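What follows is the residue order along each chain.
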Amino acid sequence: MTAFSFDAVAAILLIPAAAAAILAALPNYKMTAIVNVIASLLTLLAALSLFVTERPAPGQYLIVDDLNIVFIVLNTFVGFTTSVFSASYIAHELETGRLTAPNLRFYHAMYQIMMFGMNLAFVSNNIGLMWVAVELATLTTVLMVGIYRTHEALEAAWKYFILGSVGIALALFGTILVYMAAQPVVGEGTNAMVWSVLIEKAAHFDPALLSVAFIFLLLGYGTKVGLAPLHAWLPDAHAEGPTPISAVLSGLLLNVALYAVLRFKLLLTASPEAIGPGPLMVTMGLTSLIFAAFMLYRRRDIKRLFAYSSIEHMGIIVFAFGMGGPLANFAGLLHMVMHSLTKSAIFFAVGHIAQVKGTQKISEIRGLTESHPGLGWALVIGVVAIAGLPPLGIFMSEFLVVSSTFARHPWLAIPLVFGLLIAFGALLLRLTGLAFGEPRGGTAPVEASYVPMYSHLALVFAAGVYLPAPLVAWFQHVAGILG
Amino acid sequence: MNGLTFDIAHLLAGSLVLVSFMMLYQDRLFALINVFALHAVVLALSVAWQAYIQDAHHLYITAAIALVFKAIVIPVGLHRIIQRLGIHRDIETAVGIGPTMLAGIGLVTLSMVLMLRVTPEADPLAREDLAFALSIILLGLLVMVTRRNAVSQVVGFMSLENGLVLAATGAKGMPLVVEISVAFSILIAFIVIGVFLFRIRERFDSVDVGALDDYRGERR
Amino acid sequence: MISTIALLLCGPAAFLATAILAGTVGRRASATRLVYGAALAISIALLVIVAGHLAGSPGAVSTITLPLGLPWTGARFRLDSLSAFFLVVVNLGGTVTSLYALGYGRHELQPHRVLPFYPAFLAGMNLVVLADDAFSFLLSWEFMSLASWALVMAHHRDEANRRAGYIYLVMASFGTLALLLAFGLLAGPAGNYAFDAMRAAEPGPLAAGAVLALMLLGAGSKAGLVPLHAWLPLAHPAAPSHVSALMSGIMTKVAIYGFIRVVFDLLGAPAWWSGVVVLLIGGLTAVLGILHALMEKDLKRLLAYSTIENIGVVFVSLGLALAFKANAMPSAAALAFTAALFHVLNHSFFKSLLFFGAGAVLTATGERDMERLGGLIHRMPLTSFVFLVGCVSISALPPFNGFASEWLAFQAILQSPDLPQWGLKVIVPAVGGMLALAAALAAACFVKAFGITFLGRARSTVVEEAHEVDRWSLAAMAVLAVLCLLAGILPGFVIDSLSPVTLTLIGDRMPVQTADPWLSIVPIAESRSSYNGLLVFVFITISASLAAFVIHRFASHALRRGPAWGCGFADAAPAAQYTAVSFAQPIRRVFGSFAFRARETVEMPAPGALEPARLKLDMHDVAWETFYQPISGAIDYATERLNHLQFLTIRRYLTLVFLYLVILLLVLALWP
Amino acid sequence: MAVIFELAVQGAQMLLVLLLAPLLIGFVRKVKARLVRRQGPSLIQPYRDLIRLMRKEVVLADNASWLFRVTPYLIFAATWVAAALVPTFAAGLQFSWTADLIVIVALLGSARFFQALAGMDVGTSFGGIGASREVMIASLAEPAMLLIVFSLALVAGATQLSTVAAFMSSSEVGLRVSLGMSLIALVMVAIAENARIPVDNPATHLELTMVHEAMILEYSGRHLAMIELATFLKLLLYVSLISCVFLPWGLASVGAGPEALAFGAAAYLGKLAVLAVLLAVFETAVAKMRVFRVPDFLGAALMLALLGTLLLFVSRSL
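Sequence order for the protein chains is A, B, C and D.
Each residue of the first sequence is one higher than the one before, counting from 12 in the numbering used here.
Each residue of the second sequence is one higher than the one before, counting from 125 in the numbering used here.
Each residue of the third sequence is one higher than the one before, counting from 153 in the numbering used here.
Each residue of the fourth sequence is one higher than the one before, counting from 2 in the numbering used here.
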């Protein structure tokens, strides 16, 4: 039994790796697309099997616990739906000649490598390994962002690359510092990097070192999370890359970095005299929220708009985790899941919209609900969801965050509510322009599969009205772990 | 350990910081690159020394990488790029040399203060190394943000990364050090090749990142 | 035996099912009848259920908890006397509106943009009234806003409608956030969001004040209290007319329900000054709302503004009830509270009726601008008659229902001398004056509305081809007209059926009315004051018919048609008639200067010059210019400033990171 | 038996007001004429006018609607009911509790409402001018009236006219500043409501100055008769209102015997005469004011009434 369950973990890692190798070899793009989908599906199944099978004891490199199962399942699921979406999307790109067959081979291979990197980051029990995995995922996305080879794409990729590398460096230094803090207690060698060991002994680590380490880690991984003022790469990378990548960036990569931050936050909270991570995270969260909310107003590019909204929501999530406590943590987890689903759904819709309208300029897209009802209403529902209106999932998490915060620290709830309102105004303003009014722009028919986006939206809706009891219990347990 | 080994390690690390300072006041590209080569050499020495005193033989690989790759290959490559792309040879600085130096001194003191808060129980050598490494990293960042010119920014980044390697090697028995240094060398290669391969020359007039930035995706 | 509440919950479920169905078949021709028919049936069913409940055990409470919504609270629903009353209001409105829409809906050009959201809207309103925990309440509340927003956006090609929808939804979510904060306070750090837990908890005076303020912001913005009313006159008219009726007649009442539920039920004993606040806001809202209405020339916007006025009237009564309740004067509080609820019911009647009428005019002529209407009484006699009934009722004229409730409000005001606090002593009569002023202005306003729209001569050709509307619409309007009359002449029954509510929320009730001789209503004692709508109605009918009889018996029957006397000018063009603007001019002269900073300037041409003299009039919406423009301006400024951060160079971004790092390190270095 | 008697008294009062109203007008006109040394028409001239109007044919404007023809009866009925509900010679009649003072004011309000509508029905500019000015005046007069009602109710503890009258005639009233204020306010409101000088001139047909006349300009024949009669009733109503509230002496109390009623009737006639003379003198003494001075006039009334009410509140609390 144990053997099999270990297989599950291995499968999560090996399937993408193998698929990447195959895809790099396959010439025909149709086949690559299919293989891509199949591989993602298999990975998803493997991830789901983690529920049924019993978990391996945390090893030196790999670990499976309640916390990362949330992320793994979410990751593989969105990875799968995105691969489905990208199949139809990429086909269109090939027709319009924005991409060539070799590009596609590269693209799909990279896609699987990225999935590999992210899964590895989640299951890795070794902070060094985790660092490597996160960087792997980052670099692959860098390459995919630049895949169009246009001014904008190259520039976005370049910016992403430089800022990302600095982030990498900072994160690494943080990791080294953690090792230095652990080494006297745990002793030399790999053990001093094994998370499950660290968390037990964290109380005896040198608090000063840990504090410095956390600051570097927060900035390093925070760059990936896209917290202001470290966010600069995010909007352009979302806007200029292929839309499936934008979806993956917003839906998954940000979560990977967030996951890393959370792991280290736990380490910090375990050591009492060290600097409290809460205030730092709350501050960064609020800054990102309010900053992004204001930035939403002047956006002209539809994908950049939603990229900024991702920054906003990451701000909310980090704020919630920074607040801590069962309610806020629960809300943070819920919000993260809901945001991944919703935002990727929105990007699916936006991708098709940009294809049928032949532009990403907001000013040139009008009256979608009339010209393309399927896409238009999907966009409306998505934006309504992301803006935190019921009966969709994000409303529940925002409800919990705001009300619990107001009951505990009213003066913190005021800026939170302010930011939410500002962001809502901006999103709704753009939505009104995009979805309603005299139709404008191309009227090409959609040859898109609505399945991915509508399935996501359906899930979000379901979560908004009804959370199954086991899920709740599980989230509450995780929230408990997060303290 | 005896005092001598400690002093040598200390000396090497300290001189690394010194070289970082030298980078701060270079105003010619070639000079900067040469200084960086020196930086890499010193790094290689100190890594080798660490390998010796910890008798961790894998660290010699790291030292070798530092020596071959950073001290020779990269500088030569950068020379080539500069000639190919015909970049004018002096560095435009965003902040004057004087203020930069002052800022550098401030950063070094900051890192010292931070690291001296670390409890003495920790390995003293590690503490010193960390303090130096931190200051090297900060100085590297400082170079990156005060130089307008892509090549010098790359150089700044590489010096930052040298600081990382120093810290990593200073940490006794830290696993993956070699892998990490390899990974970083690849990263840097990427950056250098990026500067080159983006055929920036063809798209923009200079390698100045500012010029690269003048297209913002959404024009005002 | 399935409980009443479970039965009631089937209603919203059925509505939602209809909505989904409409979403699928919305484009079919038959969909309109199908959807509205279903809505009609469901509303009637709900009415029957509630009626049965009220007939059986009006005071009884029935609750249910579904495993939905917030996991550890569950979705709780509760039927008590208050929610029963508002269910009646909501579903009566739903019934007549669906009836009306059976005919009116056929004129809809894009039915698939209305049909799915109409039942959803009804479902939302029902759920708000039934919800028994903060989460389900807010969920239904915002769902209601969302559905109505979609309905406002039904005619989305019109720029004005899009703007209206935008402002509406932003204000709505502002309100929701305010409510959210209020509930956060009531729930406390432990976060028990069930209403009964909140009822049990006793918030401190500061928290209670904050909750009241937040409720005034949250529920007030939905109900349209000045100065949060700005969205209302934009959004209500923008929707299709039957939806406007729902929004103006019913949704504002749901907002009032929210206010009552929290302030009277959950919040516990009020402080006396809370009454002062509510009174002042209510009075201000009433007067400003009706003044705005008087200045309007768009029929539907006029109606929307008059909604604001009526909301103000209701809030005045509620404020009185708070003041009395705070001073342990339960009988007076019950009187004021009854007046408020009675007016809620009445307003839902006549405002729906009037919006239906406006919709009929809109379909017949395609015009909302009164300046292009006139003389419709000849083309649409039935519509004009029922509309007249609506106008009389809303102008608070006996023997119709509007007067009955306002009369009760005045009686409640007359109880105020027994209040101990000086603030109240001085404010209440002043507010009473404002109320009277509002009533008089309302009469003026609806003289104008009816007179300009239906009377006089046609001001444009659209009137010529106008024709009477279909039977469904007429039936709906007739029903409402009859209800207006009945509630006016038999107020005793309404008052008695309201007694369970006052008993639960105030702890006292008005004396039984229906037992009085001749069914007259006596708030306190017959020697003090009494009113008998029935007799007044009978007397007027008798004496009018008597007079008519005598005249036709003894006086001459001769009658000759002739041209109207034009003071010597042979028939002046219809343009020479008084217009809506000119009709309002005397009142604008009196009140405009402070209410709108209105200024009239006459541009006299030089002697001998040929161009005509011009009267220039400039008016300002004070609330808009004082509150909304500055805010939007500030946001604009901030975005403009911050937007530069999108256009920095990589080096500058790196500088940001670097500085942030250094700052954090400094913080750490200075950390104790 | 007693009920029959009560009903009889009630009916008597209704007939009484109906019959007295024209006489009151005639009396006022006579006195005014005398004051300017004219012979003046006879006292019963108003009756003659009414009968003459009844006999004449109706000239109806081409586009007058059914509303235009129904309105006169409505106005008449509403005013008559209102007038019949004000105690004239006896308080506490059978139906007096049908309506309190607020209802009476509102009844007059509905009469005005329909009159204004009728003014706009034909679609001439006179109707419009009349209606718009009328509602403007009303929008100030009605609040003033209600505030007066408040202060009365505060003194007497009721809005029921019979109770108020009984209370006022009782000894514990005494002289109160606020009552004086409300009296003055009531008089001003009455003047405005009845379209008397200085607010409006019932005798003129000069378009720019008239308000009430402008609205009914299109009426003729029996319709005009109804409206005229309603106007007379309104004046009577206000006069008897003032008399029963502020000089309630001699008012027969509830369930009084015939002789008391007779005395009450006599007293009532006396009060009418006095007040009519006062009105005539006042109207002869002052000049008509511009329409847009009227708001100031009524605003003064409003302020007086409010002041009276507030004073009462204060004195109450002391």
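Accuracy of the hints is not assured; some may be wrong.
As the list claims (entries may be wrong) - Computed, partial: chain B to chain C, Cβ under 10 Å:
| # | residue |
| --- | --- |
| 1 | 175 |
| 2 | 178 |
| 3 | 181 |
| 4 | 182 |
| 5 | 208 |
| 6 | 209 |
| 7 | 213 |
| 8 | 222 |
| 9 | 231 |
| 10 | 237 |
| 11 | 238 |
| 12 | 262 |
| 13 | 272 |
What the hints assert, rightly or not - Below 25 Å or equal to it, Euclidean Cα-Cα: the simulated DMTMM-like pairs (lysine to aspartate or glutamate) are:
| # | chain 1 | residue 1 | chain 2 | residue 2 |
| --- | --- | --- | --- | --- |
| 14 | C | 768 | C | 788 |
| 15 | B | 296 | A | 211 |
| 16 | A | 372 | C | 310 |
| 17 | A | 372 | C | 792 |
| 18 | A | 372 | C | 648 |
| 19 | A | 41 | A | 458 |
| 20 | D | 31 | D | 214 |
| 21 | C | 449 | C | 792 |
| 22 | C | 449 | C | 648 |
| 23 | D | 33 | D | 260 |
| 24 | A | 212 | A | 199 |
| 25 | C | 449 | C | 678 |
| 26 | B | 296 | A | 458 |
| 27 | D | 57 | D | 297 |
| 28 | C | 449 | C | 570 |
| 29 | C | 449 | C | 519 |
| 30 | C | 768 | C | 310 |
| 31 | A | 372 | C | 752 |
Calculated directly from the structure, the hints in this document are not laboratory data.
This one's a predicted model, so the numbers in the text were calculated from it and none came from an experiment.
The beta-carbon is built from N, C-alpha and C at its ideal position, and this holds for glycine as well.
Taking the hints in turn, this is what the structure says about them:
1. With its C-beta approaching chain C no nearer than about 30 Å, residue 175 of chain B sits outside the 10 Å limit, and its interface hint is violated.
2. The beta carbon of residue 178 of chain B is not positioned within 10 Å of any beta carbon in chain C (closest approach about 28 Å), and the interface hint is therefore violated.
3. Interface hint at residue 181 of chain B: violated, since its Cβ lies 35 Å from the closest Cβ of chain C, which is beyond the 10 Å cut-off.
4. Proximity of residue 182 of chain B to chain C is violated relative to the hint, the smallest CB-CB distance being about 31 Å (cut-off 10 Å).
5. Contact between residue 208 of chain B and chain C, as hinted, is not supported at the beta carbon level, the nearest pair being about 22 Å apart and thus beyond 10 Å.
6. The beta carbon of residue 209 of chain B comes no nearer than 18 Å to any beta carbon in chain C, farther than 10 Å, and the hint placing it at the interface is violated.
7. Because the smallest distance between the Cβ of residue 213 of chain B and any Cβ of chain C comes to about 20 Å, over 10 Å, the interface hint for this residue is violated.
8. Residue-level restraint check for residue 222 of chain B is violated (minimum Cβ-Cβ distance to chain C is 18 Å; threshold 10 Å).
9. Look at residue 231 of chain B: its Cβ gets to within about 7 Å of chain C, closer than 10 Å, so that hint holds up.
10. Satisfaction of the interface hint for residue 237 of chain B is found here, the shortest Cβ-Cβ separation to chain C being roughly 5 Å, below the 10 Å cut-off.
11. Using the Cβ-Cβ criterion of 10 Å, the hint placing residue 238 of chain B at the interface with chain C is satisfied: the shortest such distance is roughly 5 Å.
12. Contact between residue 262 of chain B and chain C, as hinted, is supported at the beta carbon level, the nearest pair being about 7 Å apart and thus within 10 Å.
13. Checking residue 272 of chain B against chain C by beta carbon gives a least distance of about 7 Å; that is within 10 Å, so the hint holds.
14. Between the alpha carbons of residue 768 of chain C and residue 788 of chain C the distance comes to roughly 32 Å, so the proposed pair goes past 25 Å and is violated.
15. At most 25 Å may separate the alpha-carbon atoms for a hinted pair to count; residue 296 of chain B and residue 211 of chain A meet this at roughly 21 Å.
16. Pair hint residue 372 of chain A plus residue 310 of chain C holds up; C-alpha atoms about 22 Å apart against a cutoff of 25 Å.
17. At most 25 Å may separate the alpha-carbon atoms for a hinted pair to count; residue 372 of chain A and residue 792 of chain C meet this at roughly 19 Å.
18. Simply put, residue 372 of chain A and residue 648 of chain C have alpha-carbon atoms about 62 Å apart, too far for the 25 Å limit, and the pair is violated.
19. Distance hint between residue 41 of chain A and residue 458 of chain A is fulfilled; the C-alpha atoms sit about 16 Å from each other, no more than 25 Å.
20. Restraint check for residue 31 of chain D and residue 214 of chain D: satisfied, since their Cα atoms lie roughly 21 Å apart, inside the 25 Å limit.
21. For the suggested pair residue 449 of chain C and residue 792 of chain C, the alpha carbons sit about 37 Å apart, so the restraint of at most 25 Å is broken.
22. With a CA separation close to 40 Å, the supplied pair residue 449 of chain C and residue 648 of chain C exceeds the 25 Å bound.
23. Proposed proximity of residue 33 of chain D and residue 260 of chain D is contradicted: the alpha carbons are some 34 Å apart, above 25 Å.
24. Between the alpha carbons of residue 212 of chain A and residue 199 of chain A the distance comes to roughly 14 Å, so the proposed pair stays at or under 25 Å and holds.
25. Of the pairs offered as hints, the one joining residue 449 of chain C and residue 678 of chain C is violated, with about 44 Å between alpha carbons and a cut-off of 25 Å exceeded.
26. For the suggested pair residue 296 of chain B and residue 458 of chain A, the alpha carbons sit about 59 Å apart, so the restraint of at most 25 Å is broken.
27. Taking the CA atoms of residue 57 of chain D and residue 297 of chain D, the gap is about 41 Å. The hint is violated against a cut of 25 Å.
28. Between residue 449 of chain C and residue 570 of chain C, the direct Cα distance comes to roughly 43 Å. Violation of the 25 Å bound is thereby established for this hinted pair.
29. Note on residue 449 of chain C and residue 519 of chain C: the hinted pairing holds, with a Cα-Cα distance of about 11 Å set against a maximum of 25 Å.
30. In summary, the hint linking residue 768 of chain C to residue 310 of chain C is not supported, as the alpha carbons are separated by about 28 Å, beyond the 25 Å threshold.
31. Among the hinted pairs, residue 372 of chain A with residue 752 of chain C is inconsistent with the structure: their alpha-carbon atoms are about 46 Å apart, more than 25 Å.
In this structure, the earlier hints numbered 1, 2, 3, 4, 5, 6, 7, 8, 14, 18, 21, 22, 23, 25, 26, 27, 28, 30, 31 are contradicted, and the remaining ones agree with it.
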